[in-house]
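So the protein sequences, as listed, match chains X and W.
Sequential numbering from 1 applies to the first sequence in the UniProt record's numbering.
Sequential numbering from 1 applies to the second sequence in the UniProt record's numbering.
It is worth saying that the hints were derived from the structure and are not from the lab.
Incorrect hints may appear among the rest.
To be verified - When the alpha-carbon atoms are kept at most 25 Å apart in a straight line, the in silico SDA-like pairs for lysine to any residue are as follows: (1) W:LYS47 x W:ARG16; (2) W:LYS57 x X:ARG29; (3) W:LYS57 x X:TYR53.
Stated by the list, open to error - In silico contact screen, one side only, chain X against chain W (beta carbon under 7 Å); selected entries: (4) MET49; (5) TYR53; (6) TRP92; (7) ALA103; (8) GLU104; (9) PHE162; (10) GLY169; (11) VAL174; (12) MET178; (13) PRO182; (14) ARG192; (15) MET196.
C-beta: ideal position from N, C-alpha, C; glycine also.
Number of protein chains: 2
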Amino acid sequence: MKDKPKRRVPRSVREREIVDAAVHVFSQRGYRAAVVDEIAELAGISKPMVYLYFTSKEGLFVACVRREARRLAETFREAAQRAGGSPELRLWAGLSAFFAFVAERRDSWVVLHRQAPEQSEAIAAELAEARRTVMAEVTALVASGISDSDGGDHLGEFEAEFVAHALVGAADAVTDWMERHPDSPPDGASLRLMNMVWIGMRDVLAGGTWAPQAP
Amino acid sequence: MKDKPKRRVPRSVREREIVDAAVHVFSQRGYRAAVVDEIAELAGISKPMVYLYFTSKEGLFVACVRREARRLAETFREAAQRAGGSPELRLWAGLSAFFAFVAERRDSWVVLHRQAPEQSEAIAAELAEARRTVMAEVTALVASGISDSDGGDHLGEFEAEFVAHALVGAADAVTDWMERHPDSPPDGASLRLMNMVWIGMRDVLAGGTWAPQAP
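If we strip away everything but chain X, and leave its shape as in the complex, we get (with noise of 0.2 Å):
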C-alpha cells in the first residue's frame, strides 16, 4: 500500500498558523515566560520548523506585533473609511471599530498594549512603528477635523498631534476601564469618549477656551 501524499501547507498558511499560535501564547504567558515548545505544540508544527520561519523568539514576538498592529490599524481605517461623513463620524467609527477589536481580541490586544521598550531593540522599535501608523491615522482624521471647523488650517498640525496624542491616550487607557467594567458594552466607551473629547473640542474652536480663572 503506498503512502498517501502529504497534504502541502503552502508557507504563508503555515506561518499564519504559528502567528496565531504565538499571539496565543505570548499573550497568556508574557514575552519572557512564554517557550517556543508550546507554541509548536499548538500550531501543530515541529519546533525546528518555527525557528526555520522566524529565527528566534524575539521573531517571532515581532511578527506577532507587525501582524496584529496592522489588523488594528487596518480595523480603524476601515471603519472610518466606511463611515464617511465628516471627520468626527469618521473618528467615531473607528473609535468604536477599536474598542470592538480590544473586546473581541483580548490576545491581540495584550500582545501589542503596555509591552517593555526595553525588551529587545527589535521589539522597542516594532511598536514604536505600530504607534507612529495608529498616531498619523488619528491625527490626519482629527487635523481634518479641526480645518473642517474653523474653516482654515490655522490651529494646525501641532495642535492635531496633541489631541490625536491625547485621545489614542485616552483610548488606551480606557481598556483598562473596560476590563474592570466586561458587562457595559464597547459601542458606550466610544460614545463617552467622543463626547469628552469632541465636544470640548468643538467649543473651544467655537471659541469657548477654558482659562484657570476662578468660575
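Starting from the known structure of chain X, arrange chain W on it as the hints suggest.
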C-alpha cells in the same frame, strides 16, 4: 596620628542616595541592562552595602518605583490642594504640576512610564499600586467636579472612573508629545488638556451630548 572619625551617615540618607543613583541608572540603561555596580559607584557606596539595604536589583527597582510614584502622587495632590477652589481649578493645578514634574524629572518619569508589567511580579504589583493611587486621586476630583456641575451625583463613580481613565491615559500619552516638542512649555499641555476634556465634560453635563448622526 589618629584616624579622623568617619562621618556617620544615617541609614535613611544612604538609602536616599542609593535610590537617587538607581533612578538615574535605570532610566538611562533600562531595568534589564542596568547593573548594580554602576549604581553603587554613582552612589559612592560598596556593592554589598546596596544588597544589604535592598536585597536585589529587583528590590532596588521596586524601591525606585515606590518612591517616585509617591513623589508624583504627592506633587499632584499638593498642587491640587494648594489651588483650592472648584474641582476644575484643582484638576488644572494638579495636571500642571504633573507636566512640570515630567519635564523636570525625566529620569523619574522614565522609571514609572511604560515599564513592562511582566518584568517581575513584585515590580508589576508596585506599578499597579502606583497606577491605582493616581487613578483614585483623579477619580475623586472628577467625581466632585461632576457632582458640583449637575447638582447631584447621578453620573456617579462609574462615569467618574471612565473620565479619570481617559484623562490619565491622555496625560501619559501627552508626555510623549512633550518630548517631541521640548520647547513647548509644560503649562501649555495642561491648558490644552483642560480645554479638550473639561469643556467637553461641562457641556455634556449641560445636555450638549454628542451622537453619531450626520451634523
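Hint by hint, here is what the structure shows:
1. Using a Cα cut-off of 25 Å, the hinted pair LYS47 of chain W and ARG16 of chain W holds, with the two alpha carbons roughly 15 Å apart.
2. Of the pairs offered as hints, the one joining LYS57 of chain W and ARG29 of chain X holds, with about 23 Å between alpha carbons and a cut-off of 25 Å not exceeded.
3. Our distance criterion of 25 Å between C-alpha atoms is broken by LYS57 of chain W and TYR53 of chain X, whose separation comes to about 36 Å.
4. With a least beta-carbon distance of about 27 Å to chain W, the hint placing MET49 of chain X at the interface is violated under the 7 Å criterion.
5. Violation of the interface hint for TYR53 of chain X is found here, the shortest Cβ-Cβ separation to chain W being roughly 25 Å, above the 7 Å cut-off.
6. Checking TRP92 of chain X against chain W by beta carbon gives a least distance of about 5 Å; that is within 7 Å, so the hint holds.
7. Against a cut-off of 7 Å between C-beta atoms, the interface hint on ALA103 of chain X is violated, since the closest Cβ of chain W lies about 15 Å away.
8. Because the beta carbon of GLU104 of chain X sits about 20 Å from the nearest beta carbon in chain W, more than 7 Å, this interface hint is broken.
9. For PHE162 of chain X, the shortest C-beta to C-beta distance to chain W is roughly 6 Å, which falls under 7 Å, so the interface hint holds.
10. Evaluation of the GLY169 of chain X hint against chain W yields a held restraint, the C-beta minimum of about 2 Å falling below 7 Å.
11. Proximity of VAL174 of chain X to chain W holds as hinted, the smallest CB-CB distance being about 5 Å (cut-off 7 Å).
12. Interface restraint check: MET178 of chain X against chain W, minimum CB-CB distance 9 Å, threshold 7 Å, status violated.
13. Because the smallest distance between the Cβ of PRO182 of chain X and any Cβ of chain W comes to about 13 Å, over 7 Å, the interface hint for this residue is violated.
14. With 7 Å as the threshold, the beta carbon of ARG192 of chain X comes within range of chain W, its nearest partner Cβ sitting at about 6 Å, so the hint holds.
15. About 5 Å separates the beta-carbon of MET196 of chain X from the nearest beta-carbon of chain W, less than 7 Å, and the hint is met.
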